[in-house]
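In terms of full-length UniProt numbering, the sequence shown is residues 1 to 259.
Think of the hints as simulated: they come from the structure by calculation, not from any bench. The reader is advised that the hints may include incorrect statements.
[Said to hold, decoys possible] Label-pair ranges, simulated between beta-carbon atoms:
1) Gly188 <-> Met72: 17 to 23 Å
2) Glu169 <-> Thr206: 21 to 27 Å
3) Lys210 <-> Lys70: 22 to 28 Å
[Unchecked claim] Calculated lysine-lysine pairs in the DSS-like style (CA-CA distance at most 27 Å, straight line):
4) Lys210 <-> Lys126
5) Lys210 <-> Lys71
6) Lys70 <-> Lys192
7) Lys192 <-> Lys132
8) Lys106 <-> Lys145
9) Lys126 <-> Lys106
10) Lys210 <-> Lys192
11) Lys210 <-> Lys70
12) Lys132 <-> Lys145
13) Lys192 <-> Lys126
14) Lys145 <-> Lys71
15) Lys106 <-> Lys132
Using N, Cα and C, we set each Cβ at its ideal position, and we do this for glycine too.
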Amino acid sequence: MFRIIRPLQGLAGVMRPAERRLAILFQPVRRFGKMLNSSQTWIAHSGLGLGLPRISQPKRGMVNRPLRLKKMPTDYPLLTGSEHWRRKARMVFQRMDANADGYLTKEDYVSTAQTLIDHLSLTGEKAERILKGRLELWAAIAGDKTRLSAEEHWRNNLALLNGVFFRQEMYRTLICTEFSTMDIDGDGFISKDEHAAYYYSLDIPTECSKDDFDIMDTNGDGLVSIDEFAESFLGFWLTEDSNNIYNQNFGHLVIDQCD
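With the hints as extra help, turn the sequences into a complete structure.
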C-alpha cells in the first residue's frame, strides 16, 4: 500500500483533532444579489448566518452506518495535482463563486444555499440543514481565511485529499454532509428532482442533471443512495483519469487553464 502523506502544515493546523472540519466544495450560483427575502429572514433569526460552524454528523438512519464502497479512499493513488485534476477543481471553484468575483467567501456559500432554499420554498429543519451543511464545507476548506483565490482553493483541496485524516476518517463525514444537502426530504435517497434542484443552486444547466444523475444511479432504480453518491464523490475527487465517468459531476469541465 502506498504511503499517505499528511496535509500541508498550514492546513493541518486548521484541522485540530477535536475540530476537524469538512473539506471540498460544491455549490454556487450567479444570483448573489438575491439574498434577502422571507427565508433569508429565517436565516437571520436562526443565527446560522453568524460565525463558522463545526461539522456535525448527519443524524438520519440511512447515513449512520458504514459506507459500502467498492474502493476505499486509501486504495486510490496520491494525487499529483495534474492539469486535468486542477480543471475539475477550478470547475467546482467557479460553481461556488456565486458573485463571480474570482474569490470564494462564506457569503458565496450562503448565497448558493439561499438559492436552493428559495427555489424549493424550504423552511424550518430542511432549510437549516441546507445552510448548515454548506457553511461547514466552507469552514473546512477556508480555515481562518475570509476568502480564497482559485489557486488557494485547489492547493488546499489537494493537501487535504492526500492527507491521512481525510483518507482514513474524514471522507465519510464530508460525503454524508454533502449528500444531506442534496437529500432535501431526508428520506435517505437523492431523487431526480432533488438532483436537478441542486444543479440549479450551483448555476449548472439543469438539463445536464439527467445524464449525470443516471451515471450515479448505478442500479437504475431512479434514486441515488448514499453508497452510490459516495462512489461518484470519490471518483471525482481522488482520480486524475480524464476518462473517468464521474468527471462531470458538476457539469462540463472548464476549458481555460488552471492556476
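The hints, checked one at a time:
Judged by the Cβ atoms, the range 17 to 23 Å given for Gly188 and Met72 holds: they are separated by roughly 22 Å. Under the hint 21 to 27 Å, the C-beta atoms of Glu169 and Thr206, about 34 Å apart, miss the expected range. In this structure the supplied range 22 to 28 Å holds for Lys210 paired with Lys70, their Cβ-Cβ distance being about 24 Å. Simply put, Lys210 and Lys126 have alpha-carbon atoms about 24 Å apart, close enough for the 27 Å limit, and the pair holds.
A C-alpha spacing of about 25 Å is found between Lys210 and Lys71, which places the hinted pair at or below 27 Å, so the restraint holds. Distance hint between Lys70 and Lys192 is fulfilled; the C-alpha atoms sit about 24 Å from each other, no more than 27 Å. Taking the CA atoms of Lys192 and Lys132, the gap is about 23 Å. The hint holds against a cut of 27 Å. Pair hint Lys106 plus Lys145 holds up; C-alpha atoms about 10 Å apart against a cutoff of 27 Å.
Of the supplied pair hints, the one linking Lys126 and Lys106 holds, its CA atoms being roughly 20 Å apart against a limit of 27 Å. At most 27 Å may separate the alpha-carbon atoms for a hinted pair to count; Lys210 and Lys192 meet this at roughly 7 Å. Proposed proximity of Lys210 and Lys70 is supported: the alpha carbons are some 24 Å apart, at most 27 Å. For the hint pairing Lys132 with Lys145, the CA-to-CA distance comes to about 18 Å; that is within 27 Å, so the pair holds.
The straight-line distance between the Cα atoms of Lys192 and Lys126 is roughly 18 Å, inside the 27 Å bound, and the hint therefore holds. A distance of roughly 33 Å separates the Cα atoms of Lys145 and Lys71; the hinted pair therefore is violated under the 27 Å criterion. The straight-line distance between the Cα atoms of Lys106 and Lys132 is roughly 12 Å, inside the 27 Å bound, and the hint therefore holds.
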